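Listed below are the residues making up each chain.
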Amino acid sequence: MSKQPGRSSVISMSVGVGLATGLYGISFGALATAAGLTVWQTQVLSLLMFSGGSQFAVIGVLAASGPIGVVPAIISAWLLGIRNGFYALRLNSVLHLTGLIKLLAAQLTIDESNAVSASQDSPKNSKLGFWLTGASVFVFWNAFTLVGALLGSAMSDPSVWGLDAAAAAAFLGLVWPRLKHLQANLTALIAIALTLMLVPILPSGIPVIVGAPIAVVLIYVLKRTAIGKHLQGDQHG
Amino acid sequence: MGSFWIAIIIGSIAVYSWKILGFALPKRFAEKEEVVTFAGKLTVALLAALTAVQTFAVGQSLVLDSRLPALTVAALLYWRKAPFIVAVAAAALVAALLRNVLGWA
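For the record, the sequence lines run as chains A and B. Residue numbers for the first sequence follow the working numbering, so the first one is 1 and each next one is one higher. Residue numbers for the second sequence follow the working numbering, so the first one is 1001 and each next one is one higher.
Because the hints were derived from the structure by calculation, they are not lab data. One or more of the hints may lead you astray.
Below, in silico cross-link-like pairs of lysine-lysine (DSS-like), each with a Cα-Cα straight-line distance of 27 angstroms or less [claimed, not checked]: (1) B:K1081 / A:K102; (2) B:K1032 / A:K180; (3) A:K102 / B:K1027; (4) A:K124 / A:K102; (5) A:K127 / A:K102; (6) A:K223 / B:K1032; (7) A:K124 / A:K180; (8) B:K1032 / A:K102; (9) A:K124 / B:K1081; (10) B:K1027 / A:K124; (11) B:K1081 / A:K223; (12) A:K180 / B:K1081.
The model shown is predicted, which means the values in this text are computed figures rather than measured ones.
Construct the entire structure; sequences and hints are all you get.
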């Protein structure tokens, strides 16, 4: 424990993370308008949903399926949002909030605000890191969403500009930092194989929300077999 | 257009429901290791599945087109620790070049 609480380093880390994350907002905004959303719809999605993975899922499914993709889009976003619930559980025991302020904290509960908060060594900096990172990601993410949406709506055919490939690269970029363990890699591979097998059979949008949960179940089954021994000590996949 | 608003509003409420649930549950739930690992696995599985569909699917068919080389370039860039926005832009550029210059699908 250092004597100085390192307040200024928390501030610079929070704003730095906010700016870096916010920049992705450009790609989100451009891809959302390419998927057929208006600039307004794109902006409201960033303001209300405010969770990158879920937002990319909504526009990815809507781009592929159109209006019939509404239900799978909602379910994909919802399933991807589950991890925020676990961040909220952790933050609830760190922030000690009561009353309506919890509603605001909940909205700012995302990968980045939780990660910065969790990396601090004092409760005070942990709180500061959460609020400052959450607020700066919110501001930058929404501002850059608008920039991207305005740029994207100026383009006519998204596939000519390679925006469909950009959406694939965006999902890869979101999963990449999580592929650190054998178990995570195996989960990803099984999910990919199952989902692609389901593509010709099920309506568009559905293979992801069926294939991915089945892959997770299969991983738990595998862990109980002989192969499970090789996956031990690999808890955070 | 109206149906997209439904996806946006209901989807946002659905995502928010997890966040508010976390703040509403008793604090002892935060210590359950299995719960945290489950969320991690589901996230990996969903994002990997979304990457695959976005790369290979056109409606209900699987195809190989310019998206695969574009994704490969993005993967190389992530591997070299390039920033997200650089890899995403590079993927768009590769696919656009293959389509407009080489005439690929």
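Quick rundown of the hints versus the structure:
1. B:K1081 / A:K102: violated (36 angstroms)
2. B:K1032 / A:K180: holds (22 angstroms)
3. A:K102 / B:K1027: holds (14 angstroms)
4. A:K124 / A:K102: holds (17 angstroms)
5. A:K127 / A:K102: This hinted pair holds, its Cα atoms lying about 13 angstroms apart.
6. A:K223 / B:K1032: Within the cut-off at roughly 19 angstroms; holds.
7. A:K124 / A:K180: violated (30 angstroms)
8. B:K1032 / A:K102: holds (22 angstroms)
9. A:K124 / B:K1081: violated (32 angstroms)
10. B:K1027 / A:K124: holds (19 angstroms)
11. B:K1081 / A:K223: violated (31 angstroms)
12. A:K180 / B:K1081: Within the cut-off at roughly 14 angstroms; holds.
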